[in-house]
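*Asks:* The chain contents come next:
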Amino acid sequence: MKVKLLSYQPSKDVLSHLPAAKLSEKELLGHLSFTFALERISRACSHQLVRHRVASFSQQSQRYIQVRRLKTHVVTPQSVTVKAPEIFDSIIGQASNAYQALVDAGIPREDARFILPNATETSLLVTMDGRSLMHFFGLRCCIRAQWEVKDLSDEMLRQVKEAEPELFSGAGPYCFQLGRCPEGRFTCGRMGEVVEKYRV
Amino acid sequence: MRLTLIAHTPNPEAMIAAAMLTTTSGVKPSTIYERLQANPEKVGDVVSRLEVQHGSILEHNRLVWMLEADEQLVLDALLKTRFFTFTRLCDGGWLMSANLRAALEYSEEYGGDLGDSLLDSIGTVAPNLRCFSERKRT
Numbered sequence: 001m002k003v004k005l006l007s008y009q010p011s012k013d014v015l016s017h018l019p020a021a022k023l024s025e026k027e028l029l030g031h032l033s034f035t036f037a038l039e040r041i042s043r044a045c046s047h048q049l050v051r052h053r054v055a056s057f058s059q060q061s062q063r064y065i066q067v068r069r070l071k072t073h074v075v076t077p078q079s080v081t082v083k084a085p086e087i088f089d090s091i092i093g094q095a096s097n098a099y100q101a102l103v104d105a106g107i108p109r110e111d112a113r114f115i116l117p118n119a120t121e122t123s124l125l126v127t128m129d130g131r132s133l134m135h136f137f138g139l140r141c142c143i144r145a146q147w148e149v150k151d152l153s154d155e156m157l158r159q160v161k162e163a164e165p166e167l168f169s170g171a172g173p174y175c176f177q178l179g180r181c182p183e184g185r186f187t188c189g190r191m192g193e194v195v196e197k198y199r200v
Numbered sequence: 001m002r003l004t005l006i007a008h009t010p011n012p013e014a015m016i017a018a019a020m021l022t023t024t025s026g027v028k029p030s031t032i033y034e035r036l037q038a039n040p041e042k043v044g045d046v047v048s049r050l051e052v053q054h055g056s057i058l059e060h061n062r063l064v065w066m067l068e069a070d071e072q073l074v075l076d077a078l079l080k081t082r083f084f085t086f087t088r089l090c091d092g093g094w095l096m097s098a099n100l101r102a103a104l105e106y107s108e109e110y111g112g113d114l115g116d117s118l119l120d121s122i123g124t125v126a127p128n129l130r131c132f133s134e135r136k137r138t
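Just so you know, the protein sequences line up as chains A and B, in that order.
Residues 1 to 200, numbered by my numbering, are exactly what the first sequence covers, in order.
Residues 1 to 138, numbered by my numbering, are exactly what the second sequence covers, in order.
Okay, chain B solo, but in the shape it has when bound (with noise of 0.2 Å):
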């Protein structure tokens, strides 16, 4: 198996940020989101203490990857979880994608090599929300 992120949405951890504030504050979230890329160490803050436990806020993104697996993980992936998206390229290659929500989720409760792989790319895009995810377990 091998995982490879090839695209996602820009600045993941801000918009998690924004969704955190967006729920418990006045202020408009363009102007909450606007703010916020202008100022990674209060992004890096706010995920990095995510008091919210509505896992929704991760869900304002998207992760692509390219999939080189056989049939059988795909269809334990499908069955484990219905929020990853699949689109068959090839015999054995396939094009994968999710929010951080459904990776991280995915990856603590499943492990392997398409968690652990996951999990490598959450640190790539998001590595506060993957400090976070350690500490929790920890």
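In isolation and in its complexed conformation, chain A is listed as follows (with noise of 0.2 Å):
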């Protein structure tokens, strides 16, 4: 996984204009847009990153970029590579065997890619507003998200707070924003801990 934050407003180039005290850091957050360059993370990623409804995104297609050499294209879960690294590489090579065979004969890739899973590699560009991407990290960042959304959110996390330290100081998962954990019942539980990783 790579992440990079390519392109972004600057504040104080907004701030610049303004006078002092006229905005609210949430007003301010809605004006300011990142673009981040996402690569070589699954397409089950992706699918939880599109769910994000007030971003744009602009994905390699696989009607137009044939697949290759899927066996050394994919994200391998830990849990597996621990537990049962020969399933996953027997069904990835003959994912990888049929997908060729149906592009061979002529099946469009748009088709031929039905057969691809869900650990298949994908790069993209996301572009989110400050608000938004408060909100993603309030849900990706918590520690019952997905483990690769929340690495790939942490990453972002990481790089926005370079980038723009004060506007993202009090970035993180929903708790860490909020004080308390909106969780419910599914709560981790370790709240006090969580909060601590991210006040650093």
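Honestly, I wouldn't trust all of these hints.
[As the list claims (entries may be wrong)] In silico lysine to any residue, SDA-like type, Cα no more than 25 Å apart, as pairs:
| hint | chain 1 | residue 1 | chain 2 | residue 2 |
| --- | --- | --- | --- | --- |
| 1 | A | Lys22 | B | Ala69 |
| 2 | A | Lys4 | B | His54 |
| 3 | A | Lys22 | B | Cys90 |
| 4 | B | Lys28 | A | Asp151 |
Rather than coming from a laboratory, the hints here were simulated on the basis of the structure.
These numbers come from a predicted model, not from an experiment.
Take each chain as given, in its own frame, and dock them per the hints.
*Replies:* Okay, here's the thing in structure tokens:
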């Protein structure tokens, strides 16, 4: 996985045109956008990303781009690597062979891709405004989030904090943002530990 | 009504071209963007012949304006598009922002003083996109 904050508009560029104290941080965040390149993540992960609807995505198209060497372009969960790599690798190998056979048989890429697994790597550009990013971090930095999208959002958070330390000083999972856990009966029960981690 | 562009994300046309090429090439988007930043001619070429009809490639940017206008104009704009963000700064003074897609579509569909001013801003930050839009209309 590779995450890179490609472009954003520094808040000082906007604030320099505004009289002091005219805008709350929340209001300002809605006027700023952040564009990331997210690379070599799984399709399972990108599917979670696109559920965040107040955002823009430009993703590698499997209609236009033929998947080559699938076996070396998949994301393998650690649990699989530890417990059952042979089952996983076997299915990936079969999917790879079947995909190639379909393409070789003249099946359009848009149809051949139906055989591809969720583990298939993808890369995309994503743009969110600051408010949407705060919501994204609230949900996806949570300890209950799926590991890949959590790793991704933690790295995105690290990079926006580097770019805009003051604006994102309160960013993190919702327990950190709100001072309470909104997960109800699904709470991890480790709020103190999580909050401490994001305070650093 | 007076619209003044005060800030925007850097090099929006390079990002438009990067978004377009990301969808259709196997090259990583960060590599594409890096290469395009050093190649304005290629950026101009790609943006001038936008082949992808998905407007989403125009959304990886943001423009911010100061708007001097009455509430009626702001309400009218909000009713026409939900992709503008407004913050009231004072009586008749607003901070407004949108991406190029929202600005371009408003300008093309509704015109008027606001649409014309938006088009001027587009011409400033993305001249090839403005030319493309004008060619499309004629």
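*Asks:* None of the hints should be skipped; say for each whether it holds.
*Replies:* Each hint tested on the structure:
1. A:Lys22 <-> B:Ala69: 18 Å, holds
2. A:Lys4 <-> B:His54: Between Lys4 of chain A and His54 of chain B the Cα gap is close to 24 Å, so the pair holds against 25 Å.
3. A:Lys22 <-> B:Cys90: Holds: Lys22 of chain A and Cys90 of chain B sit about 9 Å apart, inside 25 Å.
4. B:Lys28 <-> A:Asp151: 19 Å, holds
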